[in-house]
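First to last, the sequence lines map onto chains W and H.
Residue 135 is where the first sequence starts when you use the numbering used here, and the numbers rise one by one after that.
Residue 12 is where the second sequence starts when you use the numbering used here, and the numbers rise one by one after that.
Source of the hints: derived by calculation from the structure; they are not laboratory data.
All values reported here derive from a predicted model rather than from experimental measurement.
The C-beta atom is built at its ideal place from N, Cα and C for all residues, glycine as well.
Possibly wrong hints are sitting among the right ones.
To be verified - Straight-line distance between alpha carbons at most 27 angstroms, and here's what the computed DSS-like set of lysine-lysine pairs gives:
no.: 1; chain 1: W; residue 1: K353; chain 2: W; residue 2: K248
no.: 2; chain 1: H; residue 1: K425; chain 2: H; residue 2: K19
no.: 3; chain 1: H; residue 1: K425; chain 2: W; residue 2: K248
no.: 4; chain 1: W; residue 1: K353; chain 2: H; residue 2: K19
no.: 5; chain 1: W; residue 1: K248; chain 2: W; residue 2: K345
no.: 6; chain 1: H; residue 1: K425; chain 2: W; residue 2: K353
Said to hold, decoys possible - Every beta carbon over 10 angstroms from chain W, so not counted as near; a handful from chain H, in silico:
no.: 7; residue: G197
no.: 8; residue: S286
no.: 9; residue: A342
As the list claims (entries may be wrong) - Simulated restraints, written as ranges between beta carbons of each label pair:
no.: 10; chain 1: H; residue 1: D155; chain 2: W; residue 2: Q215; range: 53 to 61 angstroms
no.: 11; chain 1: W; residue 1: G350; chain 2: H; residue 2: L367; range: 16 to 24 angstroms
no.: 12; chain 1: W; residue 1: F236; chain 2: H; residue 2: A254; range: 52 to 60 angstroms
no.: 13; chain 1: W; residue 1: I255; chain 2: H; residue 2: D155; range: 41 to 49 angstroms
no.: 14; chain 1: H; residue 1: L367; chain 2: W; residue 2: G271; range: 50 to 58 angstroms
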Amino acid sequence: MYRANAVPAVFIVLSALALYFSGLSPSFVASEVITRFIRDGVMVLALVIPVTAGMGLNFAVTVGALAAQVGIVLAVDWGLQGAAGLFAITAMGLGLSVVSGFLIGVMLNRVRGKEMITTMIIGFLATGIYQLVFMVGYGTVIRPANQEMMLSRGIGIRNMLDLAPFRNIIDTIWVIQAGPLEIPLFMILMVLGAAGLITYLLHTRLGQQFKAVGEGVEKAEMLGIDTRAVRIKAIVLSTVLACLGHIIFTQNIGMLNVYTAHMNTDIFACAALLAGGASILRAHVGHALLGVLLFHSLFIVSPQAGQNIFSNAALGEYFRTFVAYGTIAFALVMSTRGRGSAG
Amino acid sequence: MLTVRGLKKRFGNTDALRSVDLHVEEGEIHGLVGLNGSGKTTLLNVLFGSAVISATGGYGGEVLLNERPVYLSSPARAIGCGIGMVHQEFALIPSMTVTENVTIRRERVFAPTAILGRDLALMNAPANRRRASSVLERLGVRLDPSLRVMDLTVNMRQFVEIAREIDRDDLRVLLLDEPTSALNYGEVQALFASLRSLASRGVSLIFVSHRLEEITTLCHAVTVLRDGEVAGCFTGPAYDVDALAECMIGHHVTRAQRQGASRKGSEALRLEGFSVDMPGERINGIDLTVSRGEILGLAGPSGHGRPAFGYGIMGMYPTSGRVFVDRDHIAPLNALAMISRGLFFIPEDRRAAGLLTDHSIMENIVFAAMQCKGAFLNTFPFRPLALEDRRHAHRFAEECVERFGIRCTGVHQKVSELSGGNQQKVCIARALAMNPGILMVSEPTRGVDIAAKETILHIFLDLHRGAGTTLVISSSELDELMRMCDRIAVIHEGRIFDVLDAEATETEFALAFSGERRVHG
Ligand SMILES: Nc1ncnc2c1ncn2[C@@H]1O[C@H](COP(=O)(O)OP(=O)(O)O)[C@@H](O)[C@H]1O
Ligand SMILES: [Mg+2]
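Hey, can you work out the whole structure from these sequences and the hints?
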């Protein structure tokens, strides 16, 4: 427990050092951090409930991201535009993520105690199915309405889709200028709103059931809680939030890399949550919000710091990967130890 | 109200219940007694639809509620039928507060948010807190409901477990599995008052206890189980403790009794200004000396610091003051240091601190001795790589099983499959394998049936007589301490209120327990 809370401190120190060596201006870093916060905040928040319900890190947030991408591709195919288009994307994405979240929940109920590795594999599996559909299915089984997005041979979608019709639709609302910084107030409120929603849920009876199941399925069952249903609900909520998070992410970027945009969302989201001081047994909203800020601060400054110290910007890239996986590995090792001494 | 006909339950090759019949009227308090392992918990688990039952193939026979047959497939189903259960091993969520545990699944919510549905409405924390406080008050306990359950002592946890069930408005049948084994006399009386008022509201109760006096004072009728069968059923005032005991055991047991005073030697254990910061059970600045070869009892109401002794000396909670073993100052306090000085402690909470429940009886008995003392090891090839001497260990474990009458299928059976009293015997056997000079035990007979209780007390007396072991016994059973000890220290509000000799009268003890001075004169 104490060790897990030392993680944020390590991130603060590393970020401060990297900031110093990078020579980047604090206002530039701040504005980048704000951008990352609104891009990734909801995705990280999506991880909180499964941890509370004792299922560990939900690497299957990838599936939520894929649901969002399916919605986007269909919207582009059908030529939908603007706010109405974004609404349609959200509706399709959410529908798909409720269904897939339910299926994942059912699967996880069959592998109690091995949830994390299972969610990881489910993520890979879903990626495989998704790629098959859009690389091979489109243009053969599925007839696209929009020929422009197809590869020249007529089968499969192009790698990159331009999302000009949806770009920055919501993140230009209520932008205020504070000195050199642009603050997209609406988007920040949206992330905080998601945080508020989770906090609210954790203060309901359902939240109480998540906590009880998280402490021990056997005891929760003795209390008459339908533990299977509770665990399914946790995963559905997580998948839905992940889908929303990914919609926010892509409309902010303004482009969709159809086959790879969702990759690594799970790893970076998990690492960010842990950077905020969460463990795989305990996480709350504060961990998620703090974690996004800390993790992305380090991400923004490390390439430049690598360039300045070792004259090699790629080093910063490697360093990122190292930090992301390192954080996760550290959290896994620490939490197993905690469990051993407590039990 | 509740009728059970021809109930059968098998665990693998053991018949836990073979054709049990039982009938409980509305508003009746029905006692259920039997030796450890006779099937009491199994019967209640069947009636509560517990997962252990369904996971091991369900049960046979018929259960009728209000003359209608029901199949109790899960706890949710049983709860839906108005059945509640106070579990022997507690169904509490340790990291949640008392309030959260008492009100779980019945949390009060803020009315305006109730339109979101039962599960999504916002919980009303102050209302839940008041509710929890009022139930606990009805049970006669003072307890801060914002404490987390993992910081509570066993008897307080017991009350939380009971409070959760009696708080239910839809309760029709309440199953209580040894709810009093962790409680002292005053607490038991308060609990009985609550149970009687529940019964007068029309709730049927099934009450399991090893203290037969409790059964005869509380229950309207009693069913005696022996080896998974009904050995007898008593109703009305026509039963007494002796009749029940004979029916349970089938033969007579001799009561353990100390023969004359012990020969006291030099100083074995001394505490100077010893304080332990154990939540809910603090002790403050205690001075105490125990002589070699003495049997010292620790008595006193719960919540006043009695359990803090053993845990403090083993260094499990922050302490101050000084501890001497054989006149040597021991610092820092930890289990290894104490064990190497020949002091061993058997805690009251055998599940949490005592036993490796997933391991076999033999492994549990020899583990500590092997790790700390190098016992049961071959000296070949050389010391650090010594191999387990399995034959020796096996022989020792079998001897213990035989001597203590541990009921099991063999020394390789998992401890988690044993009944409570037999687990306790394994704990004691493990301590004896360490061959300790000073043995501290906490609640040695908690949750143990009357036959096993005497066996356990005999084991201690034999050990004391044979090996001259110094014993410090902490117990809420005063009767037991008076039979065993040379001196009895009464702990009150974290201090030693008085040290009485075993010949003191019950009145003197009662006064000391309530913190009142004897009037000399
Ligand atoms: N989960 C289990 N697996 C195997 N055997 C069990 C299990 N639970 C209980 N038993 C066996 O069933 C019998 C009855 O046990 P139990 O109902 O716990 O007794 P009691 O509560 O009367 O002390 C015992 O012989 C015990 O070993
Ligand atoms: Mg039992």
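Structure-based check of each hint:
1. W:K353 x W:K248: 19 angstroms, holds
2. H:K425 x H:K19: At roughly 23 angstroms apart (the allowed maximum being 27 angstroms), H:K19 and H:K425 satisfy the hint.
3. H:K425 x W:K248: Judged against 27 angstroms, a Cα distance of about 24 angstroms means the pair holds.
4. W:K353 x H:K19: 25 angstroms, holds
5. W:K248 x W:K345: 18 angstroms, holds
6. H:K425 x W:K353: 21 angstroms, holds
7. G197: Given that every Cβ of chain W is farther than 10 angstroms from that of H:G197, nearest at about 29 angstroms, it holds.
8. S286: Since the minimum Cβ distance to chain W is about 25 angstroms, H:S286 lies beyond 10 angstroms and the statement holds.
9. A342: 23 angstroms, holds
10. H:D155 x W:Q215: 53 to 61 angstroms: About 60 angstroms separates the Cβ atoms of H:D155 and W:Q215, which means 53 to 61 angstroms holds.
11. W:G350 x H:L367: 16 to 24 angstroms: 18 angstroms, holds
12. W:F236 x H:A254: 52 to 60 angstroms: 59 angstroms, holds
13. W:I255 x H:D155: 41 to 49 angstroms: 46 angstroms, holds
14. H:L367 x W:G271: 50 to 58 angstroms: 55 angstroms, holds
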